[in-house]
Every structure is written in structure tokens, then in C-alpha cells.
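Student: Sequence:
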Amino acid sequence: MTSAPRTLRWGHQALEVEVGVGEDGVPRLTRIGLPGGTPPEPRTWAPLPLAEVTAAGHGRNWSGGRLIDTSLGSRMRYRDHRIGHDGDWHVLTVELHDPETGLVAEVAYRSPDGIPVLRSQVTLLNEGATTLHLESVSSLVVGPLADGPEAIDAADLLWAENDWVAECRWQRRPMRQTSPVIGDRVVYDNGKGEFTRTGRGVWSSCGLLPMGGLTDRRLGRTWVWQIEHNGGGWHWECGDRDTLAYLALFGPNDTHHGWRHPLEPGAEFTTVPVALAFSADDGPDEAFAALTRYRRAIRRPHPDHERLPVVFNDYMNCLMGDPSTEKLLPLVDAAADARAEYFVIDAGWYDGENGGWWDSVGAWEPAASRFPGERGIHEVLDRIRDRGMVPGLWLEPEVIGVRSPMAKSLPDEAFFRRDGVRVTETGRHHLDLRHPAARAHLDEVVDRLVGEWGVGYLKLDHNIDPGSGTIAHPGETPAAGLLGHNRAQLDWLDGILDRHPRLVVENCSSGGMRWDYALLSRLQLQSTSDQQSHRLYAPIAAAAPSAVTPEQGAVWAYPVPEDSADEVAFTMVNALLGRIHLSGLPGELRPEARALVHEAVATYKTIRADLARAVPAWPLGLPAWDDEWLALALHTPATTYVSVWRRPGAESGITLALPHLRGRTARVDVLYPAASPADALWSPATADLTLTLPTAPSAVLLRLAHAATAR
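With the working numbering applied, the sequence shown covers 1093 to 1803.
I should point out that these hints are in silico values taken from the structure, not numbers from a laboratory.
Each hint should be verified, as a subset may be incorrect.
[Unchecked claim] Subject to a maximum C-alpha distance of 16 Å in a straight line, what follows is the list of computed EDC-like cross-link-like pairs (lysine to aspartate or glutamate):
1. LYS1697 / ASP1414
2. LYS1419 / GLU1471
3. LYS1697 / ASP1429
4. LYS1419 / GLU1680
5. LYS1697 / GLU1471
Please read these numbers as outputs of a predicted model, since none were measured by experiment.
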């Protein structure tokens, strides 16, 4: 055992972490910030350990009307620490030990060099003689996000509501509304004063993104966090303890998800990873920029992240799940004429004879009635390749319809079960990817489609939520079974990409219901929405880079014949600072509308190399659902791109703030549409861009070319 340091300081030029060990031997995270800051006095440390652990018989108790923390986390003492490097990552591991139970916790902090983001994960090891029945384990606990009553008075909480066709809606509320002062103190002793957000079920982002933030209105200091878990079992809380704003991030737990885990002697358990981004004084934009750089650092390398090819998908405002050879061939030609590089056949290609495909999916064979002739679906796949595009297919791998032959051929143990009975949700069963038969079935499907058919793109969808989870063996809780499946799903995805390294995989779940960086650290694209209105899609597209890197955010661009020229440009601008997913009815557009589509694709190809390394900013603040003006900026050291939308009801002029360009001369160009009557004027002294758009709805993509910034 190493003697406990009073203060352990660790980090790099962009981030410094201090861990203080008190007289009681309990380590606490006392400061996160820029190097060289002043640590707080020990008396101001929040009474929060590095890891919050509760187990049956080791929870919290009441004494004299106060909540007394007797959890395992509060009893764990410093035992050792290790500092090292893993490539470009700085690594700190702090080892804790509870002598009474023999429980050991390794709190692993990681940070990519030069990026102010802390990644955290906790591993528990039972060195004792008896089984511990875990009920919650934090992934990260931070005490001093805001220090003192004045800082908390000035703090705003951020979170993102994320409903179907209304994704990525950021909200902001003063922290004092959730931690109010009554008399001369904050009422927190009952443990109910914190602000919480919780994910449930199988969809990781249904209702809420697994993200949050805290920002200081006075100083601009901002924290933004994400929970990197591909299931709905996550929870975060932010509140006031001893005049310090604290944050705790969790995967599944007993209170919110019914999760419990028996940790037997000699066994280990590791939490889901989480990340915390920091901006010293530049507000939410700079924190999201740091998180963007971090997301690029954690994801699996893939050429798609550099190339950003244009995708045509036949679903949205187009075939809507009713493909056939007759319908697809002219679409393939229209997509090729627009210079798309991938063509994806969406839902419906696999069934057509037996009364609807929803409850019969699972075998993933093409429907002969949809693709007649000797070549069947391969006639369409060959046409896609002949026109210079890569073919893709829609797949919903984790579900098996109740009428599918696979529902009978696979064993019961390959499916989600509760009380020994298969879970059935809207005519479908859900595979448990921990079972070898379930995984072997999906491996056969993917290897056939990719290896034999030559498909280069898979859109993986997921349209059911089978509830709390699955029980694979006696004593397992459904939430623990779900966590096991979630981790097996990630392992399966790693396997198919190992076997097919150039395969492009899109993450979709009824649009954006699985929007998380457990999946996006592996998969190349994220479906942002199923929204069919281009006007309502604009706030989703504008906010998307807060939750996904620009080069991974797939946005529909789906002009239809009745759209005006302004509306065609509006829907194309939606996608120009993300990933273009063309759809709609391109072959039926008027010539001037078709020309606008072709112009947008050509413009995109001139800027996409910059998008792959740009970071986001919001010149009008994070967009609200009903905002009449919306704006998104992506900037590199030498170039800033700005998409601006004017919706009906807005005045014709707006002023946009671009503080990262203060004092810099910039040339403003209207990139798209080239014939736009937009009038833009840049003021270096105030860092304001004044823009006039004469009509509504209308949208424009601007480029500001400037000297390289110091950032």
C-alpha cells in the first residue's frame, strides 16, 4: 500500500485534475480546470467520494432527520494510484479499498492530449469472502462544478429533450429552480434537491439525450457531459452539496431501472464510460467543440469519416418502405445524375407476399414479388454499381417477427425473456446477442449481404422498445440482462467491422432514438430524425452537432415537386453542414429545382473535407424548436461555414455573433444557393455578421474565409 498523498495533481496543457485525500483517507475529486488553478481549501470539499457504490445492506441511512452516507463508496480509502499514457491519452487510475468488505474500486480517468475532456470509468473487484449485491455504481462523481452560493446563483442547467421527429431540443433552466435557498441554506439533506435526468428501456435517447450541461451566466465557464451507453439504463443528477454544485453520472441502477448485480468473490464489474468536457470562459460553444474533438478521438477509425460520401436513400418522402425493381431503377439513375455516391434501398425489400412485413422480418431474403426476374434484387444492385455508386440495404437486426421462420428455428434462449416467456412487442421478438445462436444468425445475414451480395452500406434500424430487459438465468434482473445484451451488441458490431472494414454502417432507431457514443464510437453515421417536414427539420439539423460530430450526422434532404425554389434550397441547406441523405422525388422535380439539388451536392463536395475537422458553434445560441431564425456555424482555423434559416414570421434581418473571429478580417461568400439575394456584412470589431434574407422560408450557406485562429 502506498502512503496517501494530500493532493494528487494530473493532466496536460488543456486540462488539470486534482484529487485530494482527506484526513479520513477518502479521496475526492476537488478540482477540474485549466492547469495552474488554485485548489479549494479542504473545508470546502464536497462530501462526495470518487466512486458512489451502494449494495444490499450497504446503502444510506437516516439519523436525526439527516441523510447519512454509509454507502460503500463513502467508506473506500485511498490505496494506490498509477499515472501513465496510452498513445495520445493521459491516464490516471486511483485505487480504493474498503477493508470491511474487501471491495476494491479502480477509478480510471483518461483524457486525450490537448483536449479539455475527462473520460471516466470505474471497475470493482471483490477481494472479500462474501458476495456483494451491487445496486448502483457511479461512472463519475465530481464535486466542484460551481463553488459557492454566487456561482450556483449564476449557474444554468442544460439538457436535451429528444422525442420522435422532434429530436435534440436543448433546454436551459437556472439551477436555483431545482436547488432553491430556503432561509439561509439549500434544502438538500433529504437527498431530493438535485436535478435528474434518466433513460429507460432499450432506446438510449428516447425522450432525452444521454447528455447534460452546466454553464455560468457570468463567467462563461461551462461543463457538458455524455453517458456512453447504448441502452436506456442511464441516469445523471446535478445538485447543491455544501455550496458546491456536484455531478454524478451512472449507467443502470436499482432505484431507476431495477438493476442489481451479484459481485462474487474474485469477480469484477465495470461501469459504462462517461465523459465531461470543460470550457473555462467561452460558454457552451467551446465545451461542445471540445466534446466534438473528443468524440473523434474515441471512435473507431474508418475512411468514411474522411470521405463523407453523399448517400441517396429511397425512404423519406419517396418510396416510404415500398421498393421494387420498377420503382428503384429510375431512382438509381436520378441519384447518379445528382452525383450521389451511395444508394440505399430502405425498408420493405425483404417481404411482399404474406400480408405485410412488420411481423415477418428476420430471415432477410429479398421478396420475389418486389424483384421479379432471373436476377431479382441483384438487377437493382448491379444498376447501382453500374452508375458508379455503392449499394446499401436497410436492416433491423435485433428483431424477429412472430411470423418469421426464424421465430421457430432459433431457440427460446436466443430471445429476450422474462419469467421464462419470450418478450413480444408489437408482433416482434427481440434477440439477446449474448446467445451464440442469435449472434450466429446475424453474422450469417451480414456476411451474406456484404460478402456475397457486395453491399457496402447497412442502415441498422431498431423500431421497438421491449421494456426493462431480459432474464437469461435465475437471479438476473431484467436491467442486468439488458446491460449484458448492450455490451454483446457492441462486441457484435466490432466483429462485423473487423471482418468488413470498409463497410459503412448507419445507426438508426426510429430516427434518433439511439443517439449515443457507445454506438457512435463504432458506427459511421447517425440518423438524426424521421421528420418529414423540411421546416421542422431545420432546428434538428441546427442542433445535431451538439450530439454527433458533423461528419456522422445524417440529415434528410428530400425535395418534392410541389416545393418552391426557396423550399428546395431550405431543405438542402438542412444537410449541408452534416451528411447529405438525398431522397424525395428527384425525377419529378422541375428543371430549376433539380438544378438546385445538383448545385447543393456539388457545393457540399467542395467543403466536406473541412467538415471532417471542424467544430460547432451557434451564433444565435442553441436552437429552440420554435425559433424563427436558426443558425449553425462550423469552423476550422482558416474557415467558418454558417448555415442560416429564416422561417415564416421572422423579420428579414438578423445579427449573428461569431466571437471566435473577433478582430479578424474575413471575406464573406454566399456558397449556396449561388443565386440567393442574401446580403451579408462582417464587422471584425464586434464579431457580428449582419444578414438579410428577403423571403421566408429561405436558407443560405455562407463561408467566411479568415486568417488562421490561435485556437
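Student: Hint by hint, say whether it matches the structure.
Tutor: Against the structure, the hints come out as follows:
{"no.": "1", "hint": "LYS1697 / ASP1414", "result": "30 Å, violated"}
{"no.": "2", "hint": "LYS1419 / GLU1471", "result": "12 Å, holds"}
{"no.": "3", "hint": "LYS1697 / ASP1429", "result": "15 Å, holds"}
{"no.": "4", "hint": "LYS1419 / GLU1680", "result": "13 Å, holds"}
{"no.": "5", "hint": "LYS1697 / GLU1471", "result": "29 Å, violated"}
Checked against the numbered hints listed earlier, the structure breaks hints 1, 5; every other hint is satisfied.
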